[in-house]
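Full structure from sequences and hints, please.
If you're matching them up, the sequences are chains A and B in order.
Heads up: the first sequence begins at 1 in our numbering, then just goes up one per residue.
Heads up: the second sequence begins at 464 in our numbering, then just goes up one per residue.
Take the hints with a grain of salt, since some may be wrong.
[As the list claims (entries may be wrong)] With a straight-line cut-off of 30 Å between C-alpha atoms, the simulated DSS-like cross-links for lysine-lysine are: (1) K685(B) with K462(A); (2) K685(B) with K328(A); (3) K719(B) with K328(A); (4) K462(A) with K719(B); (5) K488(B) with K462(A); (6) K568(B) with K462(A).
No wet-lab data here; the hints were simulated from the structure.
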Amino acid sequence: MTRFQPVAALVALACGTLPAFAAAADDAAALRAELQALKNDYDTRISSLEARIAELEASPAPSAAAPAAAAMPVAAGEARSTAAAFNPSLSVILGGTYSNLSQDPGNWQMSGFIPSGGEVGPGERSFNLDESELTIAANVDPYFSAAVTAAISAEDEIEVEEAYFRTLALPSGFTAKGGRFFSGLGYLNEVHAHAWDFVDQPLVYQAFLANQRAQDGVQLKWLAPTDLFVELGAEAGNGEAFPGTRRDRNGLNATTLFAHVGGDIGDSASWRAGASWLDARAEERTYEDVDELGAPVLDAFTGKSATWVVDAIFKWSPQGNTARQQLKLQGEYMRRKEDGDLTFDMQGQGLVGAYASEQSGWYLQSVFQFRPRWRVGVRYDTLDSGTPDIALVQSGLLPAAAFPVLRPADPERISVMLDWNPTEFSRLRAQYAWDDARATDDQDRQFFLQYLFGIGAHGAHKF
Amino acid sequence: MLNLIRSVLALLILAAAVPAHAALKILATTADWGALATELGGERVDVYIATNALQDVHRVEAKPSLVARARTAALVVATGAEIEVGWLPVLIQESGNPRIQPGTKGYFEAAPQVTLLEVPSRLDRSMGDIHPLGNPHVHLDPHNIAIVAKALTARLAELDATGAQYYAQRGTDFDARWTQAIARWESKAAPLKGVPVVVIHRDQAYLCHWLGLVEVAAIEPKPGLPPTTSYLASLVTRLSASPPRMILRNAYNDSKAVTWLSGRIHAPVVTLPYSVGGTPEAKDLFGLFEDTLNRLLAGGQ
Chain A
1 MTRFQPVAAL VALACGTLPA FAAAADDAAA LRAELQALKN DYDTRISSLE ARIAELEASP
61 APSAAAPAAA AMPVAAGEAR STAAAFNPSL SVILGGTYSN LSQDPGNWQM SGFIPSGGEV
121 GPGERSFNLD ESELTIAANV DPYFSAAVTA AISAEDEIEV EEAYFRTLAL PSGFTAKGGR
181 FFSGLGYLNE VHAHAWDFVD QPLVYQAFLA NQRAQDGVQL KWLAPTDLFV ELGAEAGNGE
241 AFPGTRRDRN GLNATTLFAH VGGDIGDSAS WRAGASWLDA RAEERTYEDV DELGAPVLDA
301 FTGKSATWVV DAIFKWSPQG NTARQQLKLQ GEYMRRKEDG DLTFDMQGQG LVGAYASEQS
361 GWYLQSVFQF RPRWRVGVRY DTLDSGTPDI ALVQSGLLPA AAFPVLRPAD PERISVMLDW
421 NPTEFSRLRA QYAWDDARAT DDQDRQFFLQ YLFGIGAHGA HKF
Chain B
464 MLNLIRSVLA LLILAAAVPA HAALKILATT ADWGALATEL GGERVDVYIA TNALQDVHRV
524 EAKPSLVARA RTAALVVATG AEIEVGWLPV LIQESGNPRI QPGTKGYFEA APQVTLLEVP
584 SRLDRSMGDI HPLGNPHVHL DPHNIAIVAK ALTARLAELD ATGAQYYAQR GTDFDARWTQ
644 AIARWESKAA PLKGVPVVVI HRDQAYLCHW LGLVEVAAIE PKPGLPPTTS YLASLVTRLS
704 ASPPRMILRN AYNDSKAVTW LSGRIHAPVV TLPYSVGGTP EAKDLFGLFE DTLNRLLAGG
764 Q
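See the structure below:
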């Protein structure tokens, strides 16, 4: 041994100092232990891999899509469980229609009513891609949830249909909502297009609310602690949506109040009824018309607009089993008073005079699911424009023919539909309508075929 | 005069005291969980059941009456595993009731307490109405009921601490009676082991698993999809050679397809309550299993 001492010393010198040598010896032991541990680890890993291979060989050949998932390394699973686990729920609704219209949709006009500027009317002829609705929603934290619904149009535009937060933890039956949301007035206003029972909205919604009223503002709802459903709500917003306009003014520019009551009648029937009030103000709410000579002019309304809505819905299913049969009966009545000034030919003569109107309309519809997956429906729509007081006409300054859009009228429409719902996620529909909205006697006979498909998160079964 | 004032005061105090002793309000999604909550909570709970045995629990709508009940509930007892996914989240959201939000003490699901069968390895809606977390119809195995009962007893005691003793005692009592009943049912059901049956939907899976019934075919080609005539015809050819002993139908199922198949393959249709209240005999949880077994044994003759 002693003979080797110089060698050891040399090695020690080569390695540096003596303490370093001692440390090296320690390191060697640690290395050996580490190697052993590694070996053990690999042994267990290899045997588990062998077991997995045996298992895979024993099981039948996986289907086409499965190998990708099976071959996924563990790391992918780990990434999913952390980064993606909190991903919000996602759902997309695809829709499209084929339309056959007997009249030129270009001259469709709700006679007697100031145009709402919304996407109203029967739409265009032939094949149409409807809006694709993309909804992303999740709880934010224990206090709030949030949801955004974007509508991607066939014209390659993205519109924010709804984007709101909602409280989860307010006491005493209160819920607050803020952002952009479909106003709680009436019944159909809160229903998204893909859940409508017909291809289009009732005429009264098209004329009074530009199809559907989205409020940019806040909503507070209170639910009574009673067995009878009693809900009271109030909204305040910037007032931009029809019948209001955006105004250069701080504060509450549109107010909505609503109340709903509802309940069951035995096991088979349920109902809900409500009343709502919308107070809005318009400033230079422009619309296109033609003067008495047929030249295009731009007219505008400035003033107060108050709308009353009364709604009711009744549903019946044998023993409440909606899978088998369901009968739905619903109707809404709206009445609107507008008071202010009407400007004739804003870009030209700019004549201003007082204007007042009181207009109303209603629809009644029934949809019957006569057997699982199949539904038929019928709807009747009507509006009464009344005769507006137009000071410019009454004073003799302009002839009544200068306001052809406002000529008194009572548009009417009857629609029938049949739809087939292979599953909860798909719907194919045929609809036929006799539309007398135009001022002329030319009835528009409209035939629609529509598809609606939902992918992603399971939709809500709203009442 | 003093006496009158005293009695009025006493009345007022009594009236004020009533809410303090008011029962714990429970909203149960099905009659089965409602029955279990009543077994365990006795007089300390006030149970409202959202659906009845003749309804398809998946297809329920968030009716105003249910939103109103969710508003005042202190506890929601649900099946879970997403069977109520279409309506329960809407109720909770619309209720304005922070006490029953998922993740709080006031929200209880049965399915996470037990082992779920048929957890799909692959998720795709082309496979029909599959439930990502597994088959949610857990209540038809009485062993599951026993497990859920223990968890629910603990939850009741947590929510209503003054009644903890009461719930514990009722829980023990229920467990003893239930264990006895299971033993009785299992010996009675011995002849059902290995008996081939046809089901409609996969909602008998836990019952079949418990009793050892063998599901040889389902009338729905894929979960939630009604059979086509060609599919039914293929079932007839397949099953004629070795017909099942019976075709199981739940009280809420339509009888058309099963009756048609029954005539072709000469196997009787046995209508089972599926849920408490599904048959006149299934008055409570004990009645549900008692009647289910009686009907199966009679049908299997």
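Given the hinted pair K568(B) and K462(A), is their Cα-Cα distance within 30 Å? With Cα atoms ~26 Å apart, K568(B) and K462(A) stay inside 30 Å; holds.
Hey, K462(A) versus K719(B), does the alpha-carbon distance stay inside 30 Å? holds, 29 Å
Holds or violated: are the alpha carbons of K685(B) and K328(A) at most 30 Å from each other? holds, 29 Å
Exercise. Is K488(B) close enough to K462(A), meaning Cα to Cα at most 30 Å?
Worked result: holds, 24 Å
* Proposed proximity, K462(A) with K685(B) (alpha carbon, max 30 Å) -> holds, 26 Å
inquiry  = For K719(B) and K328(A), compute the direct alpha-carbon distance and say whether it is at most 30 Å.
reply    = Between K719(B) and K328(A) the Cα gap is close to 24 Å, so the pair holds against 30 Å.
Hint compliance for this structure: no hint is broken.
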